[in-house]
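Chemist: Based on the hints, put chain B in the right spot on chain A.
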Amino acid sequence: MSNIAGKAYAMNVVTPLRWYTAWFNKLMFWVSGHFNFVTKGLQTLSLIHYARWVVIDGSQFPRLSDKQPPEELKYTYMLFFSNFNGSWDQYVDSFSSAIPTGLNIFWAFNIKYPCSVPMLPFHRYITANQIWTDHYYNAYPMAASNDVKAAQRVRNGLLGFIADTKDSSAQDFQLKYNQLLMTLQHDVSQMGPNPIVSLSAWAVEDRLRKERPAAGA
Amino acid sequence: MANQMGNAYALTLLCPIRHGVPQQCPEGLGGQTSAACVRYLLQDVMRVSLDSPMAKVPNTYLSRFYILEDVPYQGKPAKLEHLGSNYLVFCADFHGDLDTWLTGMWNAIQPEICGLLQYCFGFESVHDCASFITWIKKCQVETTFFFDGSTDEPLAVQLKNLYLKQEFSKFVYANQGNGPETIQANFREFVALTQPDNIDAPTWKPGAYGLDKVVSGLKTQGAG
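Each protein sequence line maps, in turn, to chains A and B.
Counting from 133, one number per residue, gives the positions in the first sequence under the numbering used here.
Counting from 144, one number per residue, gives the positions in the second sequence under the numbering used here.
Misleading hints may appear alongside valid ones.
Stated by the list, open to error - Cross-link-like lysine-lysine pairs, in silico, BS3-like; alpha carbons within 30 Å at most:
| id | chain 1 | residue 1 | chain 2 | residue 2 |
| --- | --- | --- | --- | --- |
| 1 | A | Lys206 | B | Lys219 |
| 2 | A | Lys281 | B | Lys222 |
| 3 | A | Lys244 | B | Lys222 |
| 4 | B | Lys222 | A | Lys298 |
Simulated from the structure, these hints should not be mistaken for lab results.
As the structure is a computational prediction, the values presented were derived from the model and not from experiment.
Isolated chain A, as found in the complex:
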């Protein structure tokens, strides 16, 4: 069981809401999807790789066979999934501090939602409704979301610089190289494991270490 894959944390939260208020949540999500001013707050949380909300009622749970009993749920459920960097506390507090209003809109009318501020009741609400991930895969465990975005700027900058300095003198090259570094100064940094990555990777390495003698025997 692991909510962590490298620098990414997988959060799953399932919360109920009444069917006759679910339409409001869906409307808010529709507005958020069509007007940037709502998601502007989310974009400031640059620690998020991807996040999604799924609002479904009992009749929308997939039924694949007659042997499978139909779901008879009175509530509609909101499933929240997020992939973010940092610890659980950092993430939840970032949400709470940076976009408290947006958070309240997204979770509006969810049963017993305590609002995003103050933080302690909000922490308890998320903890009570969070479900642990059984398997989590991340294509770039060594990189944070900000690294992915910075790396795009670095490569684009480098490709332009290479074309621009193809026939440059050493002095001209130096001038443009310095300009490149000024442009990319927020993006040039080496990635390395942080303590959370180390703990997660250590658990894997430990398991493999234990298995190796058995495999060799």
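Modeler: Relative to the frame of chain A, chain B by itself:
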């Protein structure tokens, strides 16, 4: 459609798990329920990103599996209610369209994914890629709102970008204080080694932990 934002696709599946004890169980799990078999496969066989089968599925940024055993109860005066089945919840964030990605998944990890999904209702109808895609789409639920906080590039481009960011950062550090001629000469070596316009190599391997394991396709060591 909320499943997509730009070129990024948010796939959400709720795969109903069969009730009771399956006829075929993983070794050592005889008498366990289908849900227990699925959990065992997820936790002990697929493991984490280091050697996840998902690393073989093209263009997969992130994915997760968990078992939804029941819906959370909020305490009185809320109503207590229960799910009729356990659901294997699967989410993937990937680049491109759904059919292409599912075909890539089938081609790359058919044994692993069939081994896992065989415990779900209706999976006996799956016998090839087309029936697999049909079954998956029956399990799909529409994403209400999808937020893409990343760069909307194919995974191979993102991994190449990350490789270059790392190597160029080392280059900048190593060349501090050098004169123009030296930096220019070293940069030419750096470009020859890292091949910034070649997406395929050298680059970072998907899912690799540790700086000593992450680079692939590097022909020579040295510069930078």
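Chemist: Against the structure shown, which of the earlier numbered hints fail to hold, in ascending order?
Modeler: 2, 4
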